[in-house]
Amino acid sequence: MGILSSFNIGVSGLNAAGSSMSVIGDNIANAGTFGFKGSRAEFQDMLSKSLKGIDGGDQIGSGVKLAHVTPKFNQGNIQRTENITDLAINGNGFFSVEAPGGRGFTRDGSFHFDKDGHLINGDGYKVLGFQANDAGEISQKMGAIKLGNTTIPATATSEVNVSMNLDSREKVKQFNPQDPANTSNFNTSFAVYDNVGSQRLVTVYFNKTNDGSWDYHAMVDGKDAAGGTPGTMVEMGRGKLNFNNKGELQEEITELNSFNFNNGAAPGQQINFNFGESIAEGGNGKDASTQYGSDSSVARHTQDGASAATLASLSFNDKGILTASYDNGDQRDIAQIAVAKFENNEGLFKMGKNLFKETRKSGQGAMGKPGDDGRGEVLAKSIELSNVDIADEFINLMGAQRNFQANTKTITTSDQMLQEVLNIKR
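Going by the numbering used here, 290 is the number at position 290 of the sequence shown; the sequence numbering is gapless.
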């Protein structure tokens, strides 16, 4: 060890300072990159010689070397946007995309849909998640997220659910289908749909036949009935409702169920009227329709039909579920974003393009749903900014510059000392 070795030590210091400058410069350059994770250069000293062997304490180093460039995975600030496909993970985890050569993982959630309906990132890589089936149920199978058809076909009504009360104080009436309004105790109307998606109005007339017994008649104006006369009601459904002495629904009986609409609708459409689970069906009678001594009224009703519809809008929730809203008021879940988590984020390998690749040090990415098992939630209309702190990087930059200047001084001083040695010979 001597003067010549000090040159090498100084050069190692220059190289280290240069590496540090490169890392800092890369951080600063990507301060505006969505989802970017800054890095830190870490160095180690190099031992050249121990003057007193293994038991001695007099050791001379031979400079410094770059040991690691470690990414920093602290959360970046989250900024709200107006783009429905901008997503941010608040917490641990990564989005996953189909990249060339395998899966890539990213915190950059600036996504959009391509012409084929795939959710993709800025480089066209497909975003992975869990696709829903036709019923809107999210599956457990991983795949590329894709919009299905932007239109949904009509659904014929097959069931009308009704929760209501029929007034026990009403008198018995003899029903006349030619004059239903004046020969019934109560009536209410429901909109239903035929198989081609046309909305039809069904009016249900209720007439008391005995204490605790009622008939219902589901009728349609002749203008909507096959072979009907406008203004004349046509009966297409009929049944009985029987109540016990507590006013609870004992049983319901269907006697007629065949709806024949006109204008191209399929004949014999079955529409079941469900007034709640009767005691005869195993219910308790309290959660079904009732016959109490109060005015007849409908508390609520639903039906399962719908007209054909076109996609109107899309939205994500904090579980990463993509929901489609249609112009007929229907909503359907399409897919759910997948979030990957790793045992060791710092073991991930930077691929460029805001992507990371899993390694043996990181462990395999465990794919799951947002918010599950330590994964962060997904924020819609939001984007995660770079986690680079410009002020800190400028301070680090000045430190690297000082280190570089100091090491150049080591080299110039060593050169001066070597010149003095050479001058001795002259």
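Any given hint might turn out to be false.
[Unchecked claim] Pair by pair, the computed Cβ-Cβ distance ranges are: (1) 151 - 40: 48 to 54 Å; (2) 413 - 123: 48 to 54 Å; (3) 115 - 350: 46 to 52 Å.
Hint data in this document are derived by calculation from the structure and do not stem from the laboratory.
Backbone N, C-alpha and C define an ideal beta-carbon position, used for all residues, glycine too.
Comparing the hints with the structure gives:
1. 151 - 40: 48 to 54 Å: Since residue 151 and residue 40 have Cβ atoms about 52 Å apart, the given range 48 to 54 Å holds.
2. 413 - 123: 48 to 54 Å: 50 Å, holds
3. 115 - 350: 46 to 52 Å: Violated, since residue 115 and residue 350 (Cβ atoms, about 30 Å apart) do not stay within the stated range.
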